[in-house]
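A.B. asks: Spelled out, the chains give:
2 protein chains.
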Amino acid sequence: MKIDLTKKQYKLLIELISAGEFLVNGHKFKDYIDEYSDLEKYILSFYNDFYEEIKEEHIIEKKIEEKMFKYYDEAVKKEFNEKLAMILSSNELKNNGKSIEYEDVLDNSKKYIKEFNRNGFERLELNWNKKLEYDE
Amino acid sequence: MKIDLTKKQYKLLIELISAGEFLVNGHKFKDYIDEYSDLEKYILSFYNDFYEEIKEEHIIEKKIEEKMFKYYDEAVKKEFNEKLAMILSSNELKNNGKSIEYEDVLDNSKKYIKEFNRNGFERLELNWNKKLEYDE
Chain P
4 MKIDLTKKQY KLLIELISAG EFLVNGHKFK DYIDEYSDLE KYILSFYNDF YEEIKEEHII
64 EKKIEEKMFK YYDEAVKKEF NEKLAMILSS NELKNNGKSI EYEDVLDNSK KYIKEFNRNG
124 FERLELNWNK KLEYDE
Chain F
4 MKIDLTKKQY KLLIELISAG EFLVNGHKFK DYIDEYSDLE KYILSFYNDF YEEIKEEHII
64 EKKIEEKMFK YYDEAVKKEF NEKLAMILSS NELKNNGKSI EYEDVLDNSK KYIKEFNRNG
124 FERLELNWNK KLEYDE
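From first to last, the protein sequence lines stand for chains P and F.
When we follow our numbering, the leftmost residue of the first sequence carries the number 4, and every step to the right adds one.
When we follow our numbering, the leftmost residue of the second sequence carries the number 4, and every step to the right adds one.
Everything labelled a hint here was simulated from the structure, so no lab data went into it.
Don't take every hint at face value.
[Stated by the list, open to error] Derived DSSO-like pairs (lysine-lysine); straight-line CA-CA distance at most 27 Å:
{"hint": "1", "chain 1": "P", "residue 1": "K86", "chain 2": "F", "residue 2": "K66"}
{"hint": "2", "chain 1": "P", "residue 1": "K73", "chain 2": "F", "residue 2": "K73"}
{"hint": "3", "chain 1": "P", "residue 1": "K86", "chain 2": "F", "residue 2": "K134"}
{"hint": "4", "chain 1": "F", "residue 1": "K10", "chain 2": "P", "residue 2": "K73"}
{"hint": "5", "chain 1": "F", "residue 1": "K44", "chain 2": "P", "residue 2": "K11"}
{"hint": "6", "chain 1": "P", "residue 1": "K66", "chain 2": "P", "residue 2": "K86"}
{"hint": "7", "chain 1": "F", "residue 1": "K134", "chain 2": "P", "residue 2": "K10"}
All chains should be modelled from the sequences, with the hints used to inform the complete structure.
C.D. replies: Pasting the structure below:
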């Protein structure tokens, strides 16, 4: 089967594939899924047909990866701050014997997001002295 | 231009595109990049040619998204623990006036990874009383 693509569509296609491959395989040392990277290579092998200029595969790959890594980084960063704020918020409410219903935790998490944006993570600590729940 | 694909390659292609699109647009409320989702829709529109069965686009999309979300979730989780451990390790060394060379921070971060795996994030806190560096 054939898929018809314009030059512009091909460009977007290799960008999306690169982002997808990065997501699936990028953070792994093992359990690397070859069939995805093989497909990426196959699609990239059409590059010179579309662009009528000879470029080496690894150069094209590197250029696209750099562009798509920005999205990966952004997504991970946003999730990091939100998840961390929810954990701290929930710990705080629990320590004070308050409700940890989702809405309450979310509301209380906003001050942590503000803190991260203002001061970073400088005041983040692990309280090694805190008794764990199941120790009691 | 045309790209020739087997049925198997098409399956892998729509999975990678879906993962890529999820990475680029999935966590956004604004700055949504339409050209990537338009391309995803275009490639998905070939589904019935490859599979010779009529399936609605949003059902296919949903099925693939579920599969690829697993990878997204895994990547984000792994990065979360590692980044958090590095922050806590660096804060601790800084508080104690010790070196915060990358290797030292990394070494010291291992006990935090162990703590997360054993006890979760129960003892994580924000020390609101800690004076910020630039306040001094």
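A.B. asks: Hint by hint, which ones does the structure fall short of?
C.D. replies: Numbers 4, 6, 7, in rising order.
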